[in-house]
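Chemist: One letter stands for each residue in the lines below.
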Amino acid sequence: MNALAAAAAVLVLMLVGAFAGAVPGGAAAVTVVIPYAAFLTLVIGVAWRVSQWAGTPVPYRIPTTCGQQRSLPWIATAPVDNPDTGLMAAVRVAIEALAFRSLLRNSRAHVSGNRLEFSEARLLWLAALALHWSLLVIVLRHLRFALQPVPFFVPLLETFDGILQIGAPALLITDILVVAALLFLLGRRLVNPLLRYLSLFTDYFALLLLLGIALSGITMRYGARVDIVSVKALVLGLASFRPAVPAAPSPVFLVHLLLVSALAVYLPFSKLMHFGAVFLSPTRNLANNSRRVRHVNPWNHPVPTHTYAEWEAENADVMRAAGLPLDGADHV
Amino acid sequence: MGPIMSEKPVIDIALKTPKGDWRDPRVDFRKGTFSYASLPKDLSALGLPNPRKWQPTDLDWQLPPDWKRILLDGMKERLEKYRSFRLFMDVCVRCGACADKCHFYLGSGDPKNMPFARAELVRSIYRRYFTLSGKLFGSLAGGRELTEDVVKEWFYYFYQCTECRRCSVYCPFGIDTAEITMIVRELLSLIGVSTHWIMEPAAKSFQVGNHLGIPPHAFKDSLEFAADELRDITGLDIEIPINRKGAEILFVMPSADYFATPHYYTLLGYMMLFHEIGLDFTVSAYASEGGNFGSFHSNDLMKSLNAKIYDEARRLGVKWILGGECGHMWRVLHQYMDTMNGPADFLEMPVSPITGTRFENAASTRMVHICEFTADLIHHDKLKLDPSRNDPYVVTYHDSCNPSRGMGLLEEPRYVLKNACNNFHEMPASTIREYTFCCGSGAGLGNDENMEMRLRGGFPRANAVRHVREEHGVNLLTCICAIDKATLPTLMDYWVPGVQVAGVHEMLGNALVMTGEKERTVNLRGEPLAKGAADA
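Chains A and B supply the protein sequences, listed in that same order.
In terms of the numbering used here, the first sequence opens at residue 0 and continues consecutively.
In terms of the numbering used here, the second sequence opens at residue 3 and continues consecutively.
Pulled out of the complex, with its shape left as it was, chain A reads as follows (with noise of 0.2 Å):
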């Protein structure tokens, strides 16, 4: 159900931008507009997301350790696993967010005859690693189009990208690692009863609007191809403030503007954010030295406590009598 009103929530979105092209106006919405509308909520929408986050407290050092922590000198600790300083924490981080090191340790359970075995997963840490690395190049690779002259590691990019020399234009990798994933992911959520079970709107809308995006794109490169030129003459303008809608813009590349704009708006409200999650998740950014270094907690208020002045007052009789020491010596 959810899969399928995702389904047709991008199915509309592509529809919208395949015909704009043909109402009047339609064209310098989807090409101006709402790229403007789109970017400006993505920056501010991130901006306030992060600003929340990073605004609220950490009252307490509560690192997930995931090794041996440093104690006495002489035993081998754990030192990214389980960092005992906020460089190493750092690492720990940098690691997570660049490799994926808690995902590489996933395994899958199984169960038979009352006994449970496991069984290494990796699948899925391949498939993430190979969806956001590929995003990423895609991404620079992008700035072809909105940067003049074009930044020296962008042609470097593509040639390693399209290394495997199958093509005119040259079949690049990340088109295919893209689509591959994204084809996994949303493979899994589907067919794994598990997750099929607990997926929402949002997890099935992302995968698909990715995957029109990737998709439209991978048509204007090998298939419908469209006029680059213009297509860079309009990213140029949009970066200077100095847009032109174009005079017959293809209906493929609307359609790739308009999902572009839509994830743009989409990503601050959304699961998406959890790029900047990596970087202030307490129970990964902290340094396991809460005995060493004290931590402050900024709201940390009084409670109630029953002090020993009035647990010996109401314990006095049976102490004095079982020979304990007495603070409060005059206790009745």
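Hints are computed from structural coordinates only; laboratory data are not their basis.
A few of these clues could be false.
[What the hints assert, rightly or not] Calculated pairs, EDC-like style, for lysine to aspartate or glutamate (alpha carbon to alpha carbon, straight line, at most 20 Å):
(1) B:Lys70 <-> B:Glu202
(2) B:Lys520 <-> B:Asp313
(3) B:Lys247 <-> A:Asp326
(4) B:Lys43 <-> A:Asp326
(5) B:Lys18 <-> A:Glu116
(6) B:Lys247 <-> A:Glu309
(7) B:Lys70 <-> B:Glu150
(8) B:Lys206 <-> A:Glu313
(9) B:Lys420 <-> B:Asp393
(10) B:Lys206 <-> A:Glu309
(11) B:Lys206 <-> A:Asp316
[What the hints assert, rightly or not] So the derived list for chain B, only partly shown, Cβ under 7 Å to chain A, looks like this:
(12) Ser135
(13) Lys222
(14) Met409
(15) Pro462
Quick reminder that beta carbons are idealized off the backbone N, C-alpha and C, glycines included.
Please build the complex by placing chain B on the supplied structure of chain A, with the hints as guidance.
Modeler: Chain B in isolation, oriented as in the chain A frame:
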């Protein structure tokens, strides 16, 4: 020891394809799978709201009339006080990596026990009332209405989480269900929804000083009883000072150590060790509880109960504090105490009086774990150990959740064990250290009425013990947690009969060759030291 079950319930472990709609909050409070409600006397003793007589099986839970407002205001307050809570509500992508990592899911097959599903029970309310998309799109955006059925569902599933943090190890964003569970339990406590097995010990701990409500004279009696027992075993007069001002070290242990078995043998081990090295220490009848059931209820109750330790250390004028074997006690001591009740500037840097080792890792809290302390002694060759006295035992070690995932105390207890025992075998790597499986009874769930769920939740741990029993003939499961010691025997009896449970310092006590001791003929359990005896 746990109760002996007259008729053994038949528990089938199976992970079936989940059925139904997760948004339906209705729960079947089936006997054996939930904990009884707290009693009004305990809530009143602690000054907590809405004390009343009720049970989870009641149709009407007698919630206060404005319960919904209280919960939503409480959520708002905590979203602003805990970054963890807000972040963990916002960022889950439901990748499912955590799904089959929870012992309660593996044991029960109930899909709402998958960590991301458990969290979703709260996230759905968060979305509906605190996010724009949830307010606008409701169910389509993954939102749910907050109803009384949701309150009941929260009670069922957040008292079916032992705060073990295993899911958090696997989560790419470090989402920690323990953190969510702690906050939801705190929310429920605002409307007087809590469990008897947590609130009664918490109230007794507050008033009397320990979970079992043992008054100071009985406390003294039980320690004297231990000293008598040690005289029988070792022939030595061993003194256990209580409330002694001016001692160098305050020793704090979970109360089960002096009032329950097999904990008691661990207490004997500590006391033999302290006597042998001539430690200048005292225990306290006021701070006679290291454990902290307040931590299973709310921030404030945790802080209130924990305050006794520093207060007593200050009153007695000790230099530093040593802590016994206990899991959640050490989560609180390691990650919360200094922040809540510090700074401990009235204490000194902990230094071992025997080896001179400065425990730099405890420079601020000034509280050292007994395994750190003992490992240091052994490393400096200060103890004479005869591991052959433990030869009847084939030993494995269960990493307790809190010392492993909330601290990283992994090698110290192993070092002590390997020096005190000749036969030691690890369980499979995916079930120990940071991957350790919970006993299934932690965080206040270790009561008898919850027995079926405990046996289910403990199944993954038992499964790994069964593996080493079959492979190596393991007959002793050691651990450093009082809840483990209280509940693992029952778990072993059910799943892996023939495996006993012991503390690390019981093994040390057995092996410790003491100055002037008589010839030892029995171990701390009174069993003959001859080989094979423990199997009998």
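Chemist: Any hints this thing doesn't respect? Which numbers, in order?
Modeler: 1, 2 and 4
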